[in-house]
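K.L.:
Guided by the hints, dock chains B, C, D, E, F, G, H, I and J onto chain A, whose structure is given.
Single-letter residue listing:
There are 10 protein chains.
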Amino acid sequence: MPDASILDVFPAPAGDPVVIEHTAEEFTSLCPKTGHPDFGVVTLRYRPRPAGEGGVCVELKSLKLYYQSFRDEGIFYEAVTRRICDDLTAAVSPAWLQVITDWRGRGGIRSRIRAQTGEIPPEYRGP
Amino acid sequence: MPDASILDVFPAPAGDPVVIEHTAEEFTSLCPKTGHPDFGVVTLRYRPRPAGEGGVCVELKSLKLYYQSFRDEGIFYEAVTRRICDDLTAAVSPAWLQVITDWRGRGGIRSRIRAQTGEIPPEYRGP
Amino acid sequence: MPDASILDVFPAPAGDPVVIEHTAEEFTSLCPKTGHPDFGVVTLRYRPRPAGEGGVCVELKSLKLYYQSFRDEGIFYEAVTRRICDDLTAAVSPAWLQVITDWRGRGGIRSRIRAQTGEIPPEYRGP
Amino acid sequence: MPDASILDVFPAPAGDPVVIEHTAEEFTSLCPKTGHPDFGVVTLRYRPRPAGEGGVCVELKSLKLYYQSFRDEGIFYEAVTRRICDDLTAAVSPAWLQVITDWRGRGGIRSRIRAQTGEIPPEYRGP
Amino acid sequence: MPDASILDVFPAPAGDPVVIEHTAEEFTSLCPKTGHPDFGVVTLRYRPRPAGEGGVCVELKSLKLYYQSFRDEGIFYEAVTRRICDDLTAAVSPAWLQVITDWRGRGGIRSRIRAQTGEIPPEYRGP
Amino acid sequence: MPDASILDVFPAPAGDPVVIEHTAEEFTSLCPKTGHPDFGVVTLRYRPRPAGEGGVCVELKSLKLYYQSFRDEGIFYEAVTRRICDDLTAAVSPAWLQVITDWRGRGGIRSRIRAQTGEIPPEYRGP
Amino acid sequence: MPDASILDVFPAPAGDPVVIEHTAEEFTSLCPKTGHPDFGVVTLRYRPRPAGEGGVCVELKSLKLYYQSFRDEGIFYEAVTRRICDDLTAAVSPAWLQVITDWRGRGGIRSRIRAQTGEIPPEYRGP
Amino acid sequence: MPDASILDVFPAPAGDPVVIEHTAEEFTSLCPKTGHPDFGVVTLRYRPRPAGEGGVCVELKSLKLYYQSFRDEGIFYEAVTRRICDDLTAAVSPAWLQVITDWRGRGGIRSRIRAQTGEIPPEYRGP
Amino acid sequence: MPDASILDVFPAPAGDPVVIEHTAEEFTSLCPKTGHPDFGVVTLRYRPRPAGEGGVCVELKSLKLYYQSFRDEGIFYEAVTRRICDDLTAAVSPAWLQVITDWRGRGGIRSRIRAQTGEIPPEYRGP
Amino acid sequence: MPDASILDVFPAPAGDPVVIEHTAEEFTSLCPKTGHPDFGVVTLRYRPRPAGEGGVCVELKSLKLYYQSFRDEGIFYEAVTRRICDDLTAAVSPAWLQVITDWRGRGGIRSRIRAQTGEIPPEYRGP
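Residue numbers (this note's numbering), protein chains in the order written: chain A, 11 to 137; chain B, 11 to 137; chain C, 11 to 137; chain D, 11 to 137; chain E, 11 to 137; chain F, 11 to 137; chain G, 11 to 137; chain H, 11 to 137; chain I, 11 to 137; chain J, 11 to 137.
Hints are computed from structural coordinates only; laboratory data are not their basis.
Certain hints may be false.
Derived lysine-lysine pairs resembling BS3-like cross-links, with alpha carbons at most 25 Å apart [stated by the list, open to error]:
#1 H:K71 - J:K71
#2 C:K74 - H:K43
#3 D:K74 - J:K43
#4 B:K43 - F:K71
#5 C:K74 - F:K74
#6 J:K43 - H:K74
#7 F:K43 - B:K74
#8 F:K71 - C:K71
#9 I:K43 - J:K43
For reference, chain A alone in the conformation it holds in the complex:
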């Protein structure tokens, strides 16, 4: 089951904060209604707070294990996107953070869901 305690962090590099984007192309969870597997791509984008203010970055291997913890979870597209956004926000307390999920369609319909924390700069908003 999804486990945010897996998430590990390390201090952000000194100097003007970078913007970080990690795209996981192999996310899978289960449809809560049918039990069939869903497959998606999860993009995480955020700006850590400055190093001098205790800013941290998420460690890449822990992020992968966190994503894997959804493998047996029955959860809707909208909810899983919101949850990843909330868990990562709790883990890194970023200046801002954004989660975009892309799902290969069911019944000929493919979907993209966006969730966010804080004020996303215009250049990182949709579509």
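P.N.:
Using the frame of chain A, we list chains B, C, D, E, F, G, H, I and J on its own:
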């Protein structure tokens, strides 16, 4: 014939509202002048009102059945785009909502029509 | 020879006006200097005035015939773009209207020309 | 050697000025340090002044010959971009004008250089 | 080991400053935790100060050698991006400067990191 | 319901027989189990018998109408492919004929079915 | 755990046997050494025996469920490919059958494995 | 009207004969039934006879003018392909010659027609 | 330095031998003349001998480490391709084996080298 | 002027001969009729004779300089292809050798020319 009563909804997830996009690649209706089939791609994008204000999301399978109800309908590109926009707006009362249809050309001309409800954020507008 | 009287219109759908885009991939005219044929793609994009104010849309088949009427016309890239823009503006009196032509190169140079009527919203401007 | 006197112009079409873009995919000059040939794509984009104010457009064949006049010139990426921009500005006195050059890499690095004259509208700026 | 002293510069061309972009598709360093090689694409984008104010451009061959000096360096994605940004800023004192690194994924996750110096114009920001 | 009597033919051109391929990108029928629409691309490839032996070609508009006659038919992928192959073979008595159908997946699986009449030359066989 | 008894079949259509291809883009199993998930695309291609000889086709929904039964199985690329090939061969007793699996890389290496039953026609062999 | 007398030739180069391919992306003729323009891509491929046996190549500019002579001709896909093949064969008396035409669809169907003279080597046959 | 002793193997699966392909997209070695890094993609394709005759497969992680052992080696394109082919042949004694290397160009020229062991089936040969 | 004496060679690697392919994407010569520059891509493919029989490979930098020596040469597509083939054959005395040139079109027609020495294996022949 098109039947908006098919549309089903569920409560939006708690927290900051997500932006939701569903792209149906297999839409077909009929040309009202010639009776020949039209084939298009329908993109629906919206932000539900917050969960605390009764915000809802459209259920994916009901959306698929709603789109299928246009299969025998003779209707112009512009009208079908406007109608889907109006029917979905009635069903989910969103903060904002957008419908974009893309049509494989007739006579060497392909078309895209956009309709909307409410104030679309700049990053989700055209082209 | 180009004949704007071919253009036919129908009333815009009721409600918030849609944005309409028609892309003709098979446009051909003649180079006025050499007489050799030019081949281009013509994109027309416009927002009709509201239905309640007499807003109209261009009928697709008449648009196709109008474009075909340039087949034997010797005319420069810049002039044909301007003329299509002016003729369509006269035909539909839109809120705004935009014509973009893309030409397969001559002498290793390909070209794109843009003409417009009214105030184009930022999201529909270049490049 | 580069020869701006080759550039020929013709009057801009009447009415609201168009935006014109010519992309030459077969530009070659020489590296001033090694003498080896450089190969690039040159994009020219500009808005002529209105026809009523004496606005002119660059003639396409003369533009091609002007580009060919760089074939034996040893000149840096940055300088050739600046020079084309200055020569064309002198030839057409545009409302604004932009030159973008794209160079197939040397040593595994490819480059893009942008130069401009006047105030470029936001929609035609980078990246 | 990374060596910024390799970086060589030359005077910016006279006139309105150009915007310069160099994309190195063959960057490699080492993961500081596992010692395994990382492979990335490094995009550098900057506007030199005007020639009249002593503005300079980075010389392309020296840039290549500078990038090669990371080949045996164990360094995180975030840190290498920040360091290249800082080293180049020191070398060319630009009006603004931006470094974007794209990394082929590890564990099914690919990453993009952005660092910057000065005020980046909106058209050169993300995503 | 599917109606092969719609198919019209015209005499093959004189001389060495041509090979003819028509690709219909907008085919739709119904799943016989669920009633849901299926969407596919149908490729027809054949060599008519020589004109001197009474060889004929299928007329394009009649082919389109024939395909449209499947719109309300519940029929499996394998059966519709076989049937189109048999109906066309009956209509044009070709030297050889081939039908390939490509179906956008159901349940994350997409399919291609091939049927044929006569001896297909090696260069026109799979995959 | 993988369960071939899920596989269901139906009689092949009468007439010259078709060639059938099903591509499942969402296959996942586990690495037997690390327990980490593997993600692949599985292509099944076969020719059923003629209907008159008892030839059968695999039913699509049962194929999907069969693939899903590998979700918790620790199994090597080579073994899973061999096993799917053997299970399907047992289920449909085809004239010939081929399984191709494509795996998103681990450690920067992506893989393709091919297994087969019977004599594959040349046009359906690699690469 | 189509005029094969436009076609000009020059002697094939000495030595082992080359294989020559010219692809014209801007061919247009008229539909003989509706009078509407057709747009296609014409690929010509041939091997001239050896220079020592009087082998010749078609001159490129004359080929272009020959293709342009179809601009006002009402002619079916199959017939125009056969005619170009016959005219070119008469003009260059090649060892073998092949014409492939690709047509942007009408009514959602796109077409490819192949005609040939002599024995085409296997590697230049379909699909 | 390149070290074939790193290569590890495991028994081929029982039954008809599979064909195995591993594509490493991140190979780097050094140019023996200039010392500059080369970057390439290495594709390994082979058929193991049958399991009953002692056939083995190369273990994926050991293959990755073997490739990494070329990182500091100065070696020509042709020689590294030949060497990888020879080392893998020694390690797995395959029925046949093929190595294809693709190199991002130097001086505007990109290269592909092919080496092989045993009789490669036609469908796995070039280009 | 073209100068085959620039071509340098080195001994082929020991063992079963490799197949070598070099693709030069930046070739330019002049049209002998108009003097305008032509731009093409030149692909060279060959198998050297075995090392034990004195087989040699062409050195990459000398190949680049040899190609550059055509920069000011007025020469037809067919002739330049034949000449490169003959010059390289003289330089490396290969088992077989093939030259393919691809030319960005003139007058809307692009061209590919193939020349060869010796018996080209089927898998390396057209189209």
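K.L.:
Checking against the hints above, which ones are violated?
P.N.:
Violated: hints 1 and 9.
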